[in-house]
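K.L.:
Take the two lone chains, each set in its own frame, and fit them into one complex as the hints suggest.
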Amino acid sequence: MAFERELFFKDADAAARSGYVIRAVDVRKVYRMGDTETHALRGATVDIIRGEYLSIMGPSGSGKSTLFNMIGGLDKPTAGKVYIDQVDIAQLDPFELAWLRCRKVGYIFQSYNLIQVMSCIENVMLPMAFAGLDGEESREKALMILERVGLGGRALHKPAEMSGGQQQRVAIARALANTPDILLADEPTANLDLRTGEEIIKLFRTLCDELGVTVITATHDLKMLKTSDRIMWIEDGLISKITTPEEMELHIDEIH
Amino acid sequence: MKHDKIGTQVKLPMGRAVQIAVQGIRIRLGRSMVTVSGVVLGIAFLMSNVAGQLISDALSRERETRQIVTLMEALVRNEVGTAAGKTLAVTVHGDLERTERLFMERVAKMPFAAVRVSGANIDRGVSATPQNVAEGAYLLLVLGQQQNIPVDLETLISGMNHVGVLDAVANRTYAGQAPRAGVKRDLLFGKETQEQMERMREHAAQARFRTVWVAIISLLVTIISISNALLMSVTERIREIGTMKCLGALSAFIRRMFLIESAFIGFAGSLAGMVLGALIPLIIYGWIFGFGLMFGEISFVRFGVACLGCVVVGTLLAMIAAIYPANFAARMVPASALRSNV
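Sequence order for the protein chains is A and B. Going by my numbering, the first sequence opens with residue 1, and the numbers climb by one from there. Going by my numbering, the second sequence opens with residue 1, and the numbers climb by one from there.
Please note: incorrect hints may appear among the correct ones.
Claimed, not checked - For lysine-lysine, the following DSSO-like pairs were computed, each having C-alpha atoms within a straight-line distance of at most 27 Å:
no.: 1; chain 1: A; residue 1: K202; chain 2: A; residue 2: K141
no.: 2; chain 1: B; residue 1: K86; chain 2: A; residue 2: K141
no.: 3; chain 1: A; residue 1: K76; chain 2: B; residue 2: K11
Unchecked claim - For each label pair, taking beta carbons as the anchor points, the in silico distance ranges come out as:
no.: 4; chain 1: A; residue 1: H39; chain 2: B; residue 2: Q23; range: 39 to 47 Å
no.: 5; chain 1: B; residue 1: L29; chain 2: A; residue 2: R32; range: 39 to 47 Å
no.: 6; chain 1: B; residue 1: Q23; chain 2: A; residue 2: E246; range: 30 to 38 Å
no.: 7; chain 1: B; residue 1: Q23; chain 2: A; residue 2: G152; range: 22 to 30 Å
no.: 8; chain 1: A; residue 1: E247; chain 2: B; residue 2: Q23; range: 48 to 56 Å
no.: 9; chain 1: B; residue 1: G286; chain 2: A; residue 2: P94; range: 55 to 63 Å
no.: 10; chain 1: B; residue 1: V22; chain 2: A; residue 2: P59; range: 44 to 52 Å
no.: 11; chain 1: B; residue 1: I323; chain 2: A; residue 2: D93; range: 20 to 28 Å
no.: 12; chain 1: A; residue 1: L156; chain 2: B; residue 2: G290; range: 52 to 60 Å
no.: 13; chain 1: A; residue 1: D88; chain 2: B; residue 2: R339; range: 38 to 46 Å
no.: 14; chain 1: A; residue 1: D26; chain 2: B; residue 2: V34; range: 42 to 50 Å
no.: 15; chain 1: B; residue 1: S336; chain 2: A; residue 2: K81; range: 14 to 22 Å
In short, the hints are calculated from the structure, not lab data. All C-beta atoms, glycine included, are put in the ideal place defined by N, C-alpha and C.
Chain B extracted, bound-state conformation (with noise of 0.2 Å):
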């Protein structure tokens, strides 16, 4: 100690900054409910944008998916006709895609005499291997994400009575293979469709910008309107600071009880926000659209990334945001922060 009679003060543990902060939280619950809806309207804002932008994607690639699974179910009708008294062959090559799963579901409910299947499960299908599958078969069905099927096809459709192939994966072509006589391929994925789902791709880059740029814009509201309430909170408090300062405060625990305190209302704020931002628009679009078709394609881990993601902006914004104001108050001499209007 450099001087007898002076001492030094004490620093005070964390568990007593966060008690008091509780305590300032608690006694002015009226004030904090104001900062806190400050931080709720914040990340409603931005988490409900975020989510009728993550909704809407869902909606029009569960239209497109019905869309695709109708176009395929019109194709085999066309190509079979009548499907009693004649054979289905399904090979499934790798995992299926939610469209190929409801295309089979489709196709397994037409009346075909028998479906011969290798690779996975079909309601009323014979298990058949890869190689034996087509025989006696009148269409091919060639199923899975799979893209190199590891049975030739010529040999494949030879035990064919018809031959129709149809493959559901978007760019597999069998080109290189010599056309027998009467022999369809590639029914679905003609240059009319390759053409349509080109098209649906790049509606989908455009849908993830449009995501992305209203995620942005969301963000920079956000951060003003939590910035302000923070800022307000904290300003109007600076003559408090000044009291407390003449008291025997440290300038350190000052930013500390702030930054304490700006973290529990940034974390309650945003939880509410985030609560509020997803549910709303969970309702009116599946209000308008129907829960079914909403919640067919929605990724439930980019919802909840989102989720988490705006609980974590909002808690982090604004601690962000109480540091300056703080900082400024803790580091002025107490004679002027006592002086302060505010």
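Excised from the complex, chain A in its bound form (with noise of 0.2 Å):
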């Protein structure tokens, strides 16, 4: 399986084939406080592979979550350019927007962001509801969502019942309500302890594979980045390389 994915992410056809989910073109991101500029990103240009998993990787405050929100749409850039489906997001109202976060992306966040005074059913339903999608049809599906996260027992508890585990499932079943093409993950382990972390990474490889959903995570988790198929380095703004998991362990290598 490994293997196969290996061949088939470095074969230039089919990745050209299966397209480009998302392209970032040197965007850059200043945030402006009083009179100093940071510079958060400062030209990254990406182009992700769909249906692939994807680990940004990248020590803190090196951009990460800047890149992670532009891509997902979420922030605009200083310049540059971001598409989802070959469409520049810069182009889009506010109402595709909606649509584009609403049915296309899934955002997972590091805590969670959950609404807790929500049930989790209704936390899973709220995406729904936003669609348009209301009564027993989106009780139902949010069940099922559930259910694969290994949450059907708990539909009805409260976020602050729940473990940090349980809790980041609720927001990845939130996330995949509206069935989305891309699943962004912004350090989402960080909070949780190892076996935890591990489990949710299988979680997202599984979705990955059965479902055909690009994975895109924010990470340092090094177990993250073994799963992944492959990682994007970003260090001071700038993307670095890219490199699959086993280059990477030969790096570590080399360096021991």
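P.N.:
Following this line, the structure appears as structure tokens:
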């Protein structure tokens, strides 16, 4: 399996056939705080292949969260372009942008960002409501997704009554609510212990393989890196290299 | 559609927004109650000040009314002496004031031999026409709010035994009519009485000004208290708004949802605040001064308008106070809303 995947992504033709789901071209982002300017991104260019599992790796403050926000359409770049499915997202009106966030992309955050006052199932049903789906139909679908992430029995619990790993699973279920093409996860395992983190990573891998969802995670969790198809290294607002996990291991071996 | 791969987000119907807003209030009931109590306090403050003013106005009016009635009764006793064996005539033109009604009730209880009445119904009164009402009477009372009586007073008093005319309408004088010997006129409304009435009107005007002033000050305090409650309740949810935008909520929907939510909170809070703010001064003033004295002159129309006004003001204020933070949060790019640490 791993061997096949490697073949697949090293084959340029295959990549072209499957298409790029997200392309970022020379994306720059400057934050202004009073008189000081912070260059979070200084010209990042990346092509993300449909159906791949990509990890964005970099130390904190390197700009990986910023890049994550840019390619997910959560923030506007100061310069450069982001294309999702060949569409320049800067050209989208608010309705199209909301549609994109609702159905095309599922977001997962380090701090889960669940709505605390809502039960698990209500959290999962919320994006469905925004997509115009409600009533029994959305309840059934939400329950099905919760079962898929292994939380079928806890649908009516509130986030505060659950462990971090369980909360992150609810967040994943919510991200999957409208069957998105892309799953964007910003340090999804940073707040979790080792074993729970591993389970979440396994879940991502399964979703990627079985549903064909493109998974993009910003992380510095080494286990996450080994599971992904490609690893993008970001340093000081620039993409320094893109490697496969095997190359990375080689790299680490060299250091040792 | 401009792009074949990107669709347009559906606009959720109003009913769905109301449903989500109501659900939002219900599931965070505890926090909503804190916000509601902010509105309750603000409106209760406004309402109790306005109600207190209305009640104290009513009390002072009632006290004045009773003073006038006592004064008028004293004048009648002074003029008549012993009522026994004498006839009283009462002619009414136009509507009776409350003062005049109370006065008539008192006079009717005096031991006159007969009471001749035109234009009104008085206990133990004998009906007469406006022309012959004063025949054989000892004293004539001219009551009612109509300024010009259609009957010539000279003709009227010519049939009286002893001529005494008491007119209860403040501004009525009989200037221009030559007084006959022994005719006593303007018993009540001599110069002193005129001045007293003038003072009372001044007091009333001052009280009205005080009412308006207190209402304005209370309104300002209420505005601040309600805006603060709503501002906090929306601002502390900016992260949640950011999350909702990530999940595909339209800015307009978020704005609308918060507007509906704050309208509900504002309405519930002002209703409770209005009841609280109306009851407390009613009970306290009633307890101290007696309920009879308080309800005598109170204007239920003005009181009702104050109640309605407080509810409308509270609901509108809550909505206006929520517009700014909701608008601000809805327009934020999701990334900044998620970073917010309020």
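K.L.:
List, from low to high, the hint numbers that the structure doesn't satisfy.
P.N.:
Structure breaks hints 2, 6, 13.
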